[in-house]
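Participant: When we follow the working numbering, the leftmost residue of the sequence shown carries the number 18, and every step to the right adds one.
None of these hints come from the bench; they were simulated from the model. Careful, some of the hints might be misleading.
Cross-link-like lysine to aspartate or glutamate pairs, in silico, EDC-like; alpha carbons within 20 Å at most [stated by the list, open to error]:
hint, residue 1, residue 2
1, Lys305, Glu328
2, Lys55, Glu328
3, Lys490, Asp525
4, Lys319, Asp525
5, Lys490, Glu442
6, Lys324, Glu547
7, Lys490, Glu463
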Amino acid sequence: MREASTELLVELDAASNVTDLLLEQHAANPAHALYRRKGPNGWVDVTAGKFLQDVSALAKGLIAGGIEPGDKVAVMSPTSYEWTLVDFAIWFAGGVTVPIYETSSARQVEWIIQDAGVRRVFAGDRGLAALVTGVLAGSDVLRDRLVNVVRMDYDGDAPDLASLAAAGTGVTDAELERHRSQAGLDDVASLVYTSGTTGNPKGCEITHGNFALVAKNIVAFLPELLLQDQARTLMFLPLAHVLARAVQVVCLTAGATLGHTPGAAQLLEDLGSFRPTFLLVVPRIFEKVRATAAHKAALAGKARLFKAASEAAIEYSREEDRRNRGQGDGPGLLCRTRHALFDRLLYPRLRQALGGQVGYTVSGASPLSLEDAHFFRGAGIPVLEGYGLTETTAPCTANTPARTRVGSVGIPVPGTTIRVAGDGEILVKGIGVFKGYHNNRAANAEAFVDGFFRTGDLGELDAQGFLTVTGRKKDLLVTAGGKNVAPGPLEEKLRAHQLVGHAVVVGDGKPFVSALVTLDPEGVDNWRSERGLPALAAQDAVSDPEVLAAVQEAVDHANLLVSKAESIRSFSLLDVQFTVESGHLTPSLKLKRSAVVRDYAGEIAKLYS
């Protein structure tokens, strides 16, 4: 058993709460731009003074509508400035925010509203409002409960944010302050429901202390990102995800200006106009940016040049990493010369794709491939990979600019202890660990051991305290021959191929390891156009001999990572896409393995017939 800890850097008054972080920013400089909203004529600053004014007005509207301290208020909306505004208004009114993913099914919405005891729902648009209203009308349990639905898109045909604020004009500042100051650090600030890959989602009780202490200490832990002059970032992850919420509170605490974009589809366009200085990214975005750059180079007849530039970036980063580990002197003269050449010719174009001013990126939510991490760092876009779960208020470990080991998820954040148990399970104790699961005593009894939260993930700690995540306990496959296989590394390597959308390694209880593979439609189109081949319909691509041969090469390449007994012996190409809507990805784009195995049991059976 091995442990690593980082001392707490900042403490807080037990009677304080998340709302004090906004008051601190307002007191320091009410004219500072905490947020930027995208309008028809570009980005517009929202000062601390304006934000506090709008938050207070909405909070008074909630109080006038009967919200009492501790009441649950749900938010179901894409990522937006309004999401943030409503979140803080709920806290100022003394309420508890209950995020609901905008992709949730009616059944999931009904479960969360019922389990949390929600009193009011903020819906992002007409369609989401209709979904919630339909759920309320169709449920015997919820039909008689007083649940009001408020639109967040300023529609005069329904209760909206403007009408809510207007309803609160009679609430005094003293009454608002009574509500705002009611909660302390140990009180619940948000009920964040897990993605529910098995059974109903579980509500994680995230406290004011979890959010506020994590924010204060992350700012002190990563000043190079958060305290630089004019620090700013663009949020595109769903704010229903705890990582996005935690980072949002971190930005507020640091005074870093935050913008919002509703999803990955608009991200690259908005990056060019917002020009962030740091960026929170999930691995799939890194993969897409790199694949797009490679395709553009191929169309311009520069595929070999891009390949050479990629190899130079990866070699340079690997040599830097070896030096950081005390295993070498860093990049040699030839390596530095090649890197410097491409840093003039090609790498600036890659950096421009992220807005041109990104000094650091933070990768989370799922594992990032070693190759991508080295590629982007070598190209001048350092990647700080971190690790966390909903139950740890997201980040419990992270790499820092001064202490980075590519392939690891970093060291414990301040106020956190990481322990790796005898069976390899990662255990966490610290400021981010949640209070417990809402209304779920059985789950709480299983979740903790010796005061540590049991993550269900497997990992290794080195002598310097860097954690490497090696897999998920429940995902380990045991073949009929008794061989333990961690599917993650094989899946990551396969997913890095241009043609591959997702890969799911299977073989539990089977004589050998196999894989289900989906194709990336854009990747297939690009791959064929680069070779002068005609486009293929999706249903034809899965049986195309050239595509099959290319995927087999990708499988062979991935198999180099493992022993023969762990290698993929067969695969099946699926004529589908794994998406959030299909129920096979979480909103943070993590694969729901159990859902894939359940829904494609027939295809898996064919692999062994």
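Participant: Hint by hint, note whether the structure agrees.
Facilitator: Status of the hints after comparison with the structure:
Restraint check for Lys305 and Glu328: satisfied, since their Cα atoms lie roughly 18 Å apart, inside the 20 Å limit. Distance check on the hinted pair: Lys55 and Glu328 sit about 38 Å apart at the alpha-carbon level, beyond 20 Å; violated. Our distance criterion of 20 Å between C-alpha atoms is met by Lys490 and Asp525, whose separation comes to about 13 Å. This hinted pair does not check out: Lys319 and Asp525 have alpha carbons roughly 43 Å apart, beyond 20 Å.
Annotation: proposed proximity of Lys490 to Glu442 holds, straight-line Cα distance about 7 Å (limit 20 Å). Taking the CA atoms of Lys324 and Glu547, the gap is near 14 Å; set against the 20 Å cutoff, the hint holds. The straight-line distance between the Cα atoms of Lys490 and Glu463 is roughly 15 Å, inside the 20 Å bound, and the hint therefore holds.
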